[in-house]
Amino acid sequence: MASTYLPDKRSAPDTGRPPPLPAAAGRTRRRVLHWLTAVGFQVPALVLFGTLVLLPMLFALYAAFFRWGGFGMPEDFIGGDNFTRLFQDPVFLGDLWRCLVLVGLSLLLQLPFALALAVALNQRIRGRAVYRMLFFAPYILSEAITGVLFSMIFAPDDGLADHLLGAVGLDGLGGQWFADPSTVMATLFLVMTWKYFGFHMMLYLAGLQSIPAELTEAALIDGAGPWQRFRSVTLPLLAPTLRISVFLSVIGSIQLFDLVWIVTAGGPDHHSETMAVTMFQYGFKRYQVGYASAISVVIFGISLVFALAYQRFVLRRDLEGATTTMRGGGS
Amino acid sequence: MSVRRRGRTLPVHAVLVVVGAVMAVPLLYAVLSGFKSTDQLSRNPFGLPDPWVTSNYTDILGSGSFWQLLGSSTVIAAGTTVVVVAVSALAAFSFARFAFRGRELLFTLFTMGLMFPFAVAVLPLFLLLRSMDLLDNPLGVILPQAAFGVPMTIVILRGFFREIPAELEEAATLDGCGPLGFFWRILLPMARPALGTVSVLAVVASWNNFLLPLLVFNEPSWWTLPIGVQQFQGQYSSEYARIFAYLVLAMVPALAFYSVAERQLVGGLATGATKG
Numbered sequence: 001m002a003s004t005y006l007p008d009k010r011s012a013p014d015t016g017r018p019p020p021l022p023a024a025a026g027r028t029r030r031r032v033l034h035w036l037t038a039v040g041f042q043v044p045a046l047v048l049f050g051t052l053v054l055l056p057m058l059f060a061l062y063a064a065f066f067r068w069g070g071f072g073m074p075e076d077f078i079g080g081d082n083f084t085r086l087f088q089d090p091v092f093l094g095d096l097w098r099c100l101v102l103v104g105l106s107l108l109l110q111l112p113f114a115l116a117l118a119v120a121l122n123q124r125i126r127g128r129a130v131y132r133m134l135f136f137a138p139y140i141l142s143e144a145i146t147g148v149l150f151s152m153i154f155a156p157d158d159g160l161a162d163h164l165l166g167a168v169g170l171d172g173l174g175g176q177w178f179a180d181p182s183t184v185m186a187t188l189f190l191v192m193t194w195k196y197f198g199f200h201m202m203l204y205l206a207g208l209q210s211i212p213a214e215l216t217e218a219a220l221i222d223g224a225g226p227w228q229r230f231r232s233v234t235l236p237l238l239a240p241t242l243r244i245s246v247f248l249s250v251i252g253s254i255q256l257f258d259l260v261w262i263v264t265a266g267g268p269d270h271h272s273e274t275m276a277v278t279m280f281q282y283g284f285k286r287y288q289v290g291y292a293s294a295i296s297v298v299i300f301g302i303s304l305v306f307a308l309a310y311q312r313f314v315l316r317r318d319l320e321g322a323t324t325t326m327r328g329g330g331s
Numbered sequence: 001m002s003v004r005r006r007g008r009t010l011p012v013h014a015v016l017v018v019v020g021a022v023m024a025v026p027l028l029y030a031v032l033s034g035f036k037s038t039d040q041l042s043r044n045p046f047g048l049p050d051p052w053v054t055s056n057y058t059d060i061l062g063s064g065s066f067w068q069l070l071g072s073s074t075v076i077a078a079g080t081t082v083v084v085v086a087v088s089a090l091a092a093f094s095f096a097r098f099a100f101r102g103r104e105l106l107f108t109l110f111t112m113g114l115m116f117p118f119a120v121a122v123l124p125l126f127l128l129l130r131s132m133d134l135l136d137n138p139l140g141v142i143l144p145q146a147a148f149g150v151p152m153t154i155v156i157l158r159g160f161f162r163e164i165p166a167e168l169e170e171a172a173t174l175d176g177c178g179p180l181g182f183f184w185r186i187l188l189p190m191a192r193p194a195l196g197t198v199s200v201l202a203v204v205a206s207w208n209n210f211l212l213p214l215l216v217f218n219e220p221s222w223w224t225l226p227i228g229v230q231q232f233q234g235q236y237s238s239e240y241a242r243i244f245a246y247l248v249l250a251m252v253p254a255l256a257f258y259s260v261a262e263r264q265l266v267g268g269l270a271t272g273a274t275k276g
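Protein chains in written order, with full-length UniProt numbering: chain A, 1 to 331; chain B, 1 to 276.
Some hints could be false.
Unchecked claim - In silico SDA-like pairs for lysine to any residue, Cα to Cα no more than 25 Å straight-line:
#  : chain 1 : residue 1 : chain 2 : residue 2
1  : A       : K285      : A       : A307
2  : A       : K285      : B       : G102
3  : A       : K285      : B       : N218
4  : A       : K285      : B       : V31
5  : A       : K285      : A       : G94
6  : A       : K285      : A       : L61
7  : A       : K285      : B       : M112
8  : A       : K285      : B       : S131
9  : A       : K285      : A       : D81
10 : A       : K285      : B       : M190
11 : A       : K285      : B       : W223
12 : A       : K285      : B       : N137
13 : A       : K285      : B       : D133
14 : A       : K285      : B       : P220
15 : A       : K285      : B       : D136
16 : A       : K285      : B       : V252
What the hints assert, rightly or not - A few chain A residues facing chain B, derived, Cβ under 10 Å:
#  : residue
17 : W35
18 : M57
19 : Y62
20 : A63
21 : G70
22 : L96
23 : C99
24 : Q110
25 : P112
26 : L141
27 : S151
28 : S232
29 : A239
30 : S296
Claimed, not checked - Footprint (simulated), chain A over chain B, 3 or more residues, beta carbon under 8 Å:
#  : region
31 : 16-24
32 : 98-104
I should point out that these hints are in silico values taken from the structure, not numbers from a laboratory. Model, not experiment: these values are computed from the prediction. Every residue gets a Cβ at the ideal spot worked out from N, C-alpha and C, and that includes glycine.
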């Protein structure tokens with residue numbers, strides 16, 4: 001702990017005359033002063049965060065129990081009706097299903113793909129810096145640019161995707177992409193992978209670089225093949241990074257909005273809608289603000305439950321690992 | 001030796017080349033398409049432009065509205081960064097160097113903010129901004145963006161401030177430096193790399209933010225680049241070549257910034273992810 005402004009270590013402000021109070025009272029005063037100084041530094045951040053993050057969230061929680069169009073104060077209290085309605089709404093139930101699909105696809109395809117490329121780029125290989133930069137570049141482009149770019153690349157018949165398939169004689173595979181209910185989610189997932197896998201790859205690369213080379217060399221001397229070295233040395237040591245990346249990926253899928261809104265706005269006929277898009281439709285297009293607030297609350301609730309459970313059951317192992325591996329525990 | 005190496009890494013090279021192509025083709029396609037007329041683009045989607053049409057790019061650059069978007073994006077990103085780094089540095093200093101009652105509770109409160117999704121809070125936030133009369137006002141975007149950046153910035157800076165040796169602080173105190181003097185004259189100058197990292201993250205987040213400016217700015221005068229891109233597509237929906245040119249020009253500042261600040265950006269994302 002690097003806290004050096006401990007109340008007892010600090011001398012009282014030098015006022016030039018002996019302290020008028022008994023020692024105990026002086027200590028209390030100093031402690032209060034110390035507390036005020038410490039908290040004083042927090043005030044600007046607290047005010048900003050409190051008014052513009054916490055307050056709106058609490059207000060959404062309140063408004064979720066009203067039928068309310070968004071003007072004036074909510075008055076028509078309807079108890080939990082918004083929530084009952086929500087869990088009977090086929091669109092919202094579809095949102096939940098699509099969220100699960102995206103989480104599944106990300107964990108099974110996108111992250112392993114990112115890991116494979118991170119391992120490939122962790123070797124001394126020609127062009128490594130260029131590949132790294134190229135794979136990560138889409139991550140810093142805005143969702144607006146990415147969305148518009150791919151809505152044109154996947155434009156039915158006229159876009160690059162259909163032209164390319166046509167050029168290699170696969171016209172039959174070309175299609176409506178974002179406009180077809182059966183392909184819209186797959187196409188969206190492709191775009192998400194294009195944009196986001198580089199971020200996860202960078203996290204893995206940072207993790208891989210912190211693994212001491214001696215360990216893999218020792219395994220090599222012990223006669224372990226490449227797969228065995230990866231499976232028994234690299235993967236366990238990379239586990240903390242992997243757990244963080246899974247966490248960010250899941251939270252990202254739960255809260256997905258910008259890209260979908262720009263590319264499809266949830267269409268065709270709700271087939272790519274996410275929870276946040278549904279919330280936006282009700283809140284800003286149909287002025288059912290009470291109902292939209294209920295959706296906000298549920299999205300936040302899901303994120304929170306996931307985060308707490310993940311921290312409790314998955315991330316906790318990182319802390320245990322830190323204290324047990326030295327005693328030969330490990331994984 | 002080198003032949004054996006090359007033989008072994010050949011499949012890896014092949015994969016990298018394929019993935020690299022998939023990543024690069026959409027970007028290159030956009031650049032080249034911007035140099036074609038829309039007619040030419042549908043007749044000749046893959047080839048090099050013939051003739052090279054520069055009017056798509058020059059029209060946009062000459063129109064003024066693109067520069068206005070660029071200007072407001074810059075002002076808003078700079079404003080957000082200044083606010084979020086200033087308030088978070090003060091708070092992170094207090095978290096890192098003071099022991100006080102309620103510290104852990106307060107820190108938990110801020111870290112919980114890492115999970116407050118922007119898209120979810122945006123509805124009540126919009127109502128709040130409306131009642132505070134901050135719509136069509138750059139502060140209506142700057143302040144909320146800064147507020148949502150506070151948790152991550154505090155987490156990163158706190159970690160960094162903790163690593164500065166306590167001896168320095170004792171020496172400063174002996175020389176008559178109060179906490180604020182130590183913070184301002186010693187801690188902040190020493191923390192320049194960390195401040196760089198969090199600033200870069202704040203700039204990128206602000207630059208790419210779409211939803212909040214979309215809601216706050218009804219008048220085009222403060223629109224940012226992401227809004228401009230979407231509006232441009234809506235306005236010229238059938239003129240593909242023009243839209244591609246616009247996209248490419250909109251990418252340039254972000255990619256230029258990335259090439260300058262790559263180290264801070266990548267390092268910041270890695271520390272932010274592991275410490276969050």
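Consistency of the hints with the structure:
1. Proximity of K285/A to A307/A is assessed by CA-CA distance (about 30 Å); at most 25 Å being required, the pair is judged violated.
2. Of the pairs offered as hints, the one joining K285/A and G102/B is violated, with about 42 Å between alpha carbons and a cut-off of 25 Å exceeded.
3. At roughly 15 Å between alpha-carbon atoms, K285/A and N218/B fall within 25 Å of each other, so this suggested pair holds.
4. A hinted pair counts as satisfied when its Cα atoms are at most 25 Å apart, and K285/A with V31/B does not qualify at roughly 35 Å.
5. A C-alpha spacing of about 20 Å is found between K285/A and G94/A, which places the hinted pair at or below 25 Å, so the restraint holds.
6. A distance of roughly 20 Å separates the Cα atoms of K285/A and L61/A; the hinted pair therefore holds under the 25 Å criterion.
7. Of the pairs offered as hints, the one joining K285/A and M112/B is violated, with about 30 Å between alpha carbons and a cut-off of 25 Å exceeded.
8. For the hint pairing K285/A with S131/B, the CA-to-CA distance comes to about 19 Å; that is within 25 Å, so the pair holds.
9. Between K285/A and D81/A the CA atoms are separated by roughly 21 Å; this keeps the pair inside 25 Å, and the hint holds.
10. Simply put, K285/A and M190/B have alpha-carbon atoms about 49 Å apart, too far for the 25 Å limit, and the pair is violated.
11. At roughly 20 Å between alpha-carbon atoms, K285/A and W223/B fall within 25 Å of each other, so this suggested pair holds.
12. Using a Cα cut-off of 25 Å, the hinted pair K285/A and N137/B holds, with the two alpha carbons roughly 22 Å apart.
13. In summary, the hint linking K285/A to D133/B is supported, as the alpha carbons are separated by about 21 Å, within the 25 Å threshold.
14. For the suggested pair K285/A and P220/B, the alpha carbons sit about 20 Å apart, so the restraint of at most 25 Å is met.
15. For the hint pairing K285/A with D136/B, the CA-to-CA distance comes to about 19 Å; that is within 25 Å, so the pair holds.
16. This hinted pair does not check out: K285/A and V252/B have alpha carbons roughly 33 Å apart, beyond 25 Å.
17. Proximity of W35/A to chain B holds as hinted, the smallest CB-CB distance being about 5 Å (cut-off 10 Å).
18. Taking 10 Å as the C-beta contact cut-off toward chain B, the hint placing M57/A at the interface holds, the least distance being around 6 Å.
19. Here the hint on Y62/A is kept, as its CB sits about 9 Å from the closest CB of chain B, short of 10 Å.
20. Below 10 Å, beta-carbon pairs count as interface contacts, and A63/A has one with chain B at about 7 Å; its hint therefore holds.
21. Interface restraint check: G70/A against chain B, minimum CB-CB distance 7 Å, threshold 10 Å, status holds.
22. This hint is violated: L96/A has a C-beta 15 Å from the nearest C-beta of chain B, more than the 10 Å allowed.
23. At about 13 Å, the closest approach between the beta carbon of C99/A and any beta carbon in chain B exceeds 10 Å, and the interface hint on this residue is violated.
24. Taking 10 Å as the C-beta contact cut-off toward chain B, the hint placing Q110/A at the interface is violated, the least distance being around 13 Å.
25. A least Cβ separation of about 13 Å between P112/A and chain B goes past the 10 Å threshold, and the interface hint is therefore violated.
26. The restraint placing L141/A at the interface with chain B holds, with a minimum CB-CB distance near 6 Å, inside the 10 Å limit.
27. The beta carbon of S151/A comes within 8 Å of a beta carbon in chain B, closer than 10 Å, and the hint placing it at the interface holds.
28. A distance limit of 10 Å between C-beta atoms decides the matter here; for S232/A the minimum to chain B is near 21 Å, and the interface restraint is violated.
29. A cut of 10 Å between beta carbons decides the hint on A239/A: the least distance to chain B is about 12 Å, and the hint is violated.
30. Here the hint on S296/A is kept, as its CB sits about 5 Å from the closest CB of chain B, short of 10 Å.
31. Under the rule that three or more residues need a Cβ within less than 8 Å of chain A, the assignment of the region 16-24 of chain B holds, with 6 such residues.
32. Only residues whose C-beta sits within less than 8 Å of a C-beta in chain A count toward coverage, and the region 98-104 of chain B has 6 of them, enough to reach three; the restraint holds.
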